[in-house]
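Given the coordinates of chain Y, assemble chain X with the ligand onto it according to the supplied hints.
Going down the list, the sequences are from chains Y and X. The working numbering applies: residue 0 is where the first sequence begins, and numbers increase by one. The working numbering applies: residue 157 is where the second sequence begins, and numbers increase by one.
These are computed hints drawn from the structure, not numbers from a lab. Fair warning: this is a prediction, and the values are worked out from it, not measured in the lab. Accuracy of the hints is not assured; some may be wrong.
[What the hints assert, rightly or not] Residues from chain X shown here face chain Y by an in silico Cβ test under 10 Å; the list is partial:
#1 206
#2 209
#3 234
#4 239
#5 251
#6 252
#7 264
#8 268
#9 290
#10 295
#11 298
#12 312
#13 340
#14 393
#15 396
#16 442
For every residue, glycine included, the Cβ atom is placed at its ideal position computed from N, Cα and C.
If you want the building blocks of each chain, they are given just below.
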Amino acid sequence: MPNSALIDALATFLPVHRLLRQAAELAPYESDALTAFRSRPGAVVLAETQEEVVRVVELCHRHSVPFVARGSGTSLSGGSLPVAGGVVIALNRLNRIVHLDPQRRIAVVEPGVINLDVTKAAAPHGLYYAPDPSSQLICTIGGNVAFNSGGAHCLKYGMTANHVLGIKAVLPDGAVVQLGGDSLESVGPDLAGFFVGSEGLFGIALEITVRLLPRPELYRTVLAAYHSLAAAGDAVAQVVASGLLPGAMEIMDNLAIQAAEAAVHAGYPRDAAALLIVELEGERVQVEAEFAHLLQVVEASGPYEVRVAKDDADRARIWKGRKSAFSAVGRLSPDYIVQDGVVPRSRLGEALAAIQRLSAQHGLRVANVFHAGDGNLHPLILYSGRTPGELERAETLAGEILNLCIELGGSITGEHGVGVEKRAYMPAMFNPVDLAVMNELRLAIDPKELANRGKMLPDGDAPSLTHPGIHPLEQQGVISRA
Amino acid sequence: MFTALAGTPLAEVQAALAEHGQYLPFDPPLAAAGATLGGAVATGLSGSGRRRYGGVRDFIIGMRYVDGQGRLVRSGGKVVKNAAGFDQHKLLVGSLGSLGVIVEVSFKVFPQPLAFATLQISGLSLASAIDTIGRLSTSHFDLEALDLLPAEGAYTLLLRIGGPAAVLPARLEHLRRWQGRGEAVADDAAIWQRTATFSWLPRGAKLAKAPLTLAALPALDAMLASCNAARRYIDGSNLAWIAWPGAWDELDAQLLALGLSGVALLGPPTEQPLLGLHNGANLAARIKQTLDPENKFPPLNGGKQ
Ligand SMILES: Cc1cc2nc3c(=O)[nH]c(=O)nc-3n(C[C@H](O)[C@H](O)[C@H](O)COP(=O)(O)OP(=O)(O)OC[C@H]3O[C@@H](n4cnc5c(N)ncnc54)[C@H](O)[C@@H]3O)c2cc1C
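Bound conformation, chain Y alone (with noise of 0.2 Å):
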């Protein structure tokens, strides 16, 4: 049930259409791309400033309405999921970039800017941002920071958390504090790298400061094509083992090649059980040079089939066949599950032959397209909603696939993030006691739990504050019943 006090409140500064109340304007924000759930906010507040999120975060926390930060809902885990009658903050029009400093490298953007118009207005310096989600194009850099996002190119240079000097936010109380700074440097606990990858529970980003790096000379990429998944995934240990550093290094199986020729007609080998792309990049000479070497280190891994790209449309094509591979998997089948862990790249052979063994068991297609150089798979499971028992048979193995990760001493996620689509997988990752901590921390900065409320945590449904008696938190005084 909305509350009609704080919706009171919102209208006094909040023009009709930007506080929306009706259910057809509320349906487009009942889920992000984590389709499978679902639920309707009270309100959603189209906010414009960053003073106007600064208040409703205030009026939420006055009136102890939960609320959810909001940037284009591409949350493949359901982080933007809004809670039941709670406050949907949306900040695509906070969509600013406030300031560029191409000689310190550094742009000062509002969370709402989309990741790859920060790149297009720094390339005109000679510079770009660096993580590149396959969202890029419609992700918000809000979203990136609460993800802590990454992509095909985060291999060399790390994730968000990697590119984010600071960050001005709000958090769940109103209290709008600034974290870090615009050096590369810091003093004290990096507390602009703590609330990277928070999802949301920590407050809402307001503005942030990331670094740009210079556009690379010269780029050098190789397509291999193997018969084997496996022998894929063997390589890219041989390439990391090779002391060479790519700046990208992905694998697509043949099913999700058939996705992205079908939808893009990248001029990938259509027979090949696997592909590995891997890119070299920097300065024009030493490229060249590691290039050789690279080569030689594919050709020993035993692909039947190399192919170098011979111009920029060459590259370009290679990349817009990969980076469309996951929207493109949809032709294939009428839903699938978009899966993320982690194992060590020793054992990405292995992994993958397990995801191959658990697909034929449960008689579900899996396509894999994933970030190979860091060991972070991507198996797209599909399904038809329309067949009974699929989803759940989908959802076991999905399931059985997180385990696999954990059991190869990896993780549940690599970089969507747990939102309620993982929390249950929490406990299988850490102990109890790494969760309580966690959970005092999260109290400790949302004592209400309003910001994200049900996310990431398991039973983050406010435990605390429904328990009866009093929480320990409280005996300490940390936090106190409003």
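Below, chain X with the ligand without anything else, positioned relative to chain Y:
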């Protein structure tokens, strides 16, 4: 990646990694003086090599630490990419022992460049040095390090490159031609050793570091020159190493006046190692209260806000 106990000497880590052709890209200083891995994390120290890929915060991927309630806590993981849970290991970077005792850390590592070479550009005014750094920053040159040091009434820039030995002469020559001047340093290793060991510190001087930007450099440098403080600026002036001749509270006041922050590193112990300006005190205090409610560890910055 690797995992090691916090008390492991950096030198031991570096030697073990070198056997596999790997290195710590954030280039922690003071390894030869016996610094440990946990110490590098708790003080948040990176060296000149941070120019290439980033600092200690960018390479730490997981940790086990003991908090103020005596709990052994794990954060992050042992794989190079991991988005699960809150990254408390980031909090412990630079925490100076105020939040917990670091027990074990995991790092992402990279292949070590096979060889290095350095171009030295001397006799620059500060303004032309700043101009050069700015132009280099938007150029396609991949520098392992970009240090600026005052020398004989002028300024010297050190530009280090790394890669296969066969291509370094050509790369160095491109750099020199692009810049229009500069000469190759004869003993590359020795010159960077001087920075990493702080052998340039005047006898008895204290050492502090201050995060910086190119824009803030002129005012800071003028202040340091007027106080007769030896200094070096690394990573294109993102960090100042300051050999401070006076008392800590004087540097504290000077940095504050310039709107900069800093941390005291070597010299007489101080209750307030964090100097100058501080951000995020509100959030930091809540974290401290959670991890160390009874103040078993030193307070964040001597309790000063
Ligand atoms: C086709 C496709 C491809 C994708 N490819 C990749 C990929 O390669 N790599 C990758 O990492 N991800 C990928 N994703 C996932 C997704 O795009 C990223 O997680 C992205 O960062 C989400 O951005 P968004 O603006 O859509 O955020 P939303 O989905 O709107 O929100 C995501 C989370 O961020 C929070 N949030 C949003 N703004 C703020 C803010 N200002 N402050 C605090 N919290 C905030 C929300 O509450 C939510 O929890 C892909 C998704 C799709 C649909």
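Against the structure, the hints:
1. Because the smallest distance between the Cβ of residue 206 of chain X and any Cβ of chain Y comes to about 7 Å, under 10 Å, the interface hint for this residue holds.
2. A distance limit of 10 Å between C-beta atoms decides the matter here; for residue 209 of chain X the minimum to chain Y is near 7 Å, and the interface restraint holds.
3. For residue 234 of chain X, the interface hint holds, the least distance from its beta-carbon to any beta-carbon of chain Y being 6 Å, beneath 10 Å.
4. Because the smallest distance between the Cβ of residue 239 of chain X and any Cβ of chain Y comes to about 5 Å, under 10 Å, the interface hint for this residue holds.
5. Hint on residue 251 of chain X holds. Least Cβ distance to chain Y is approximately 5 Å, under the 10 Å limit.
6. With a cut of 10 Å, the hint placing residue 252 of chain X at the interface with chain Y holds, because the nearest CB-to-CB distance is about 8 Å.
7. With a least beta-carbon distance of about 8 Å to chain Y, the hint placing residue 264 of chain X at the interface is held under the 10 Å criterion.
8. Because the beta carbon of residue 268 of chain X sits about 8 Å from the nearest beta carbon in chain Y, less than 10 Å, this interface hint is met.
9. Interface hint status for residue 290 of chain X: upheld, as the beta-carbon distance to the closest one in chain Y is roughly 3 Å, under 10 Å.
10. The interface hint given for residue 295 of chain X holds, since its Cβ lies 6 Å from the closest Cβ of chain Y, which is under the 10 Å cut-off.
11. Hint status for residue 298 of chain X: holds, given a least beta-carbon distance of 5 Å to chain Y, under 10 Å.
12. Residue-level restraint check for residue 312 of chain X is violated (minimum Cβ-Cβ distance to chain Y is 20 Å; threshold 10 Å).
13. Annotation: residue 340 of chain X was flagged as interfacial toward chain Y, and the flag is violated, the nearest CB pair being 16 Å apart, outside 10 Å.
14. Annotation: interface hint on residue 393 of chain X holds; nearest CB of chain Y at approximately 9 Å, less than 10 Å.
15. Restraint check, residue 396 of chain X versus chain Y: the minimum CB separation of about 9 Å is within 10 Å; hint holds.
16. Evaluation of the residue 442 of chain X hint against chain Y yields a held restraint, the C-beta minimum of about 4 Å falling below 10 Å.
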